[in-house]
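Novice: If you want the building blocks of each chain, they are given just below.
Number of protein chains: 2
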Amino acid sequence: MNDLYLRACRGQPVERTPLWLMRQAGRSLPEYRELRDRFGFGTLLRTPELAARVTLQPVDRLGVDAAILFCDILVPAEALGLRVEFQPGPVLDRALRTTADVESLRRRAPEEAVPYVFETIRLLRRELDGRVPLIGFAASPFTLAAYLIEGRGSKGFEAWRALVHGEPATAHRLLETLAALTADYLVAQVRAGAQAVQLFDTWAGLLDEAGYREFDLRYVRTIFERLAPERVPRVYFALDAAHVLEDLRDCGADVVGVDWRIGLGEAARRLGGGRVLQGNLDPAVLLAPPPVIERRAAEVLEQAAGLPGHVFNLGHGVLPDTPLEHLLALVEAVGRHSRRGRS
Amino acid sequence: MNDLYLRACRGQPVERTPLWLMRQAGRSLPEYRELRDRFGFGTLLRTPELAARVTLQPVDRLGVDAAILFCDILVPAEALGLRVEFQPGPVLDRALRTTADVESLRRRAPEEAVPYVFETIRLLRRELDGRVPLIGFAASPFTLAAYLIEGRGSKGFEAWRALVHGEPATAHRLLETLAALTADYLVAQVRAGAQAVQLFDTWAGLLDEAGYREFDLRYVRTIFERLAPERVPRVYFALDAAHVLEDLRDCGADVVGVDWRIGLGEAARRLGGGRVLQGNLDPAVLLAPPPVIERRAAEVLEQAAGLPGHVFNLGHGVLPDTPLEHLLALVEAVGRHSRRGRS
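As given, the protein sequences belong to chains U and Z, one line each in that order.
Sequential numbering from 1 applies to the first sequence in my numbering.
Sequential numbering from 1 applies to the second sequence in my numbering.
Worth double-checking, as some hints may not be accurate.
Put simply, identical chains are the same to the list, so a pair is met inside one copy or across any two.
Said to hold, decoys possible - With a straight-line Cα cutoff of 25 Å, these simulated SDA-like cross-link-like pairs (lysine to any residue) come out:
#1 Lys155 with Pro289
#2 Lys155 with His326
#3 Lys155 with Arg296
#4 Lys155 with Glu214
#5 Lys155 with Gly26
#6 Lys155 with Thr98
#7 Lys155 with Tyr32
#8 Lys155 with Gly317
#9 Lys155 with Glu167
#10 Lys155 with Glu78
No lab work stands behind these hints: they were computed from the structure.
The model shown is predicted, which means the values in this text are computed figures rather than measured ones.
Model the full assembly from the supplied sequences, consistent with the hints where possible.
Specialist: Next up, the structure:
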């Protein structure tokens, strides 16, 4: 029974710093590549037995201290009547482009629209049997909207940014719909068994500070407020958010994930202190040899020394070409150095 | 004779705020699309008569207050014996991957390796005949290295980041070579007639603060120090640099370009004041209708009110789908509002 992650999120004492890695289930693991090549990404995440297997792979292989549901941030769009395919990046059957498109959206209960997500969670809780906690997740409304308006991933998300600046009322209408959907989706994940939830805000850096407050942060808060009665740790990770760190004081999360660009000490200062932080080794460091990984991981732990709580993670997802042995070296180094720090 | 841009760069009084736009020569202009479709991007930039024509198009059509050489940041790589093609993004004939690759680089004088660049500048100075100043440019060594190691553009530049973290001595050797090359290249541009120079650091955001100081900023300084005797304004634009703004105090530039993420007032405060700034309207605002463009441009001008000098620009390049009429509306609005601000 390893509850280090949950205790760290709550600012409670831990014997060593818990670790998990964004995109820990992925192509660094040969057993993942085998399943993906056999079934395809879409089938993996829509089939509870397979999604659960993939979720468990890094727990078994790497010894991380938390499992995170294997899924995709676009999945809840299916509760709006959109269809998501993976080629392998997510592509929607249609992009929302007009005010009429946005107004025509009808919201179904996530449990009905994407029942496989919750079935996967229930299955995982049985299979994990308390071994490590299970994290559920979703995208922030701003980040999800970027994909819904473009219809797929994009370098600059111009269509979405044009809507935000040119038709803010339509943008807000979409964001309200997505905030309500996302709150429902995460509450349902918790009720199915997720023991913590993380909101991923990958595209926060598209906005300037005023835009971030108006089109992003307020919807993040709404969701975390809806989650408060569920009494699970709420984690917010905004990529490329160095320009809005002060604003994150009001994000409503218990834990804030920090990307690799800012040291955890500086982040804590700008966030106002008293906050549990998650992060933030540069994922590119995992491309370097193990001695470099160990040294840089130790530096992150040192920077985290004064925090009320720290969950070790990367500053963004595991990069596709990261060697498995480097992931193992990281887990080992964080375990060793964080025990030493406390002795 | 419009020298507003040069005076603003030097912190001298101006009647109105000068404006130019990163990527102002580009597909928003039908006359550019026509030339590009007829000749192809590579031929355009390697043929002085054509490169000069493209450079002048936004001056004629938009009425901007500066011309910037039409070229590509990878062009100086040809002085290292690499061959650049455009498909249409730049692609090198080989990527540098090993220490031996880096050590084998021989540096030729830019005037010999890429004479067309300097011929274009000389031609432009004659054709401009003082109408507006001509800006030369190059990439920062860190940003140029990212392309040389990958061999082309990339989403995450993993090979380059792996080298930086895993083989820092080789990375520094490459960066030293590129800093010397870039200084030669910019000095030669000035001697051919460029009246200001801008270093573009598009990938500064790949680095954390310590990495930025070690692998990026010091080489930027080296280049600007080499340029000091040339007595032209030196401009530094680092994209996604909110996490290192304090460090930019030491960048050695006369003018600092700021991306759209941070307000100019906040940027000035973090840069220590007393600095001429360039920027920083969100380029996505130009996708919105003209009244929005006018309001947001006026806000940028207001934020710039207390600066010792301000060059209006976008916070990054003109986005590909920006309508021509929106560019014209911006130029008109900045002219009108900045005159009003001074009356």
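Novice: Of all the hints given earlier, name the ones this structure violates by number, lowest first.
Specialist: none
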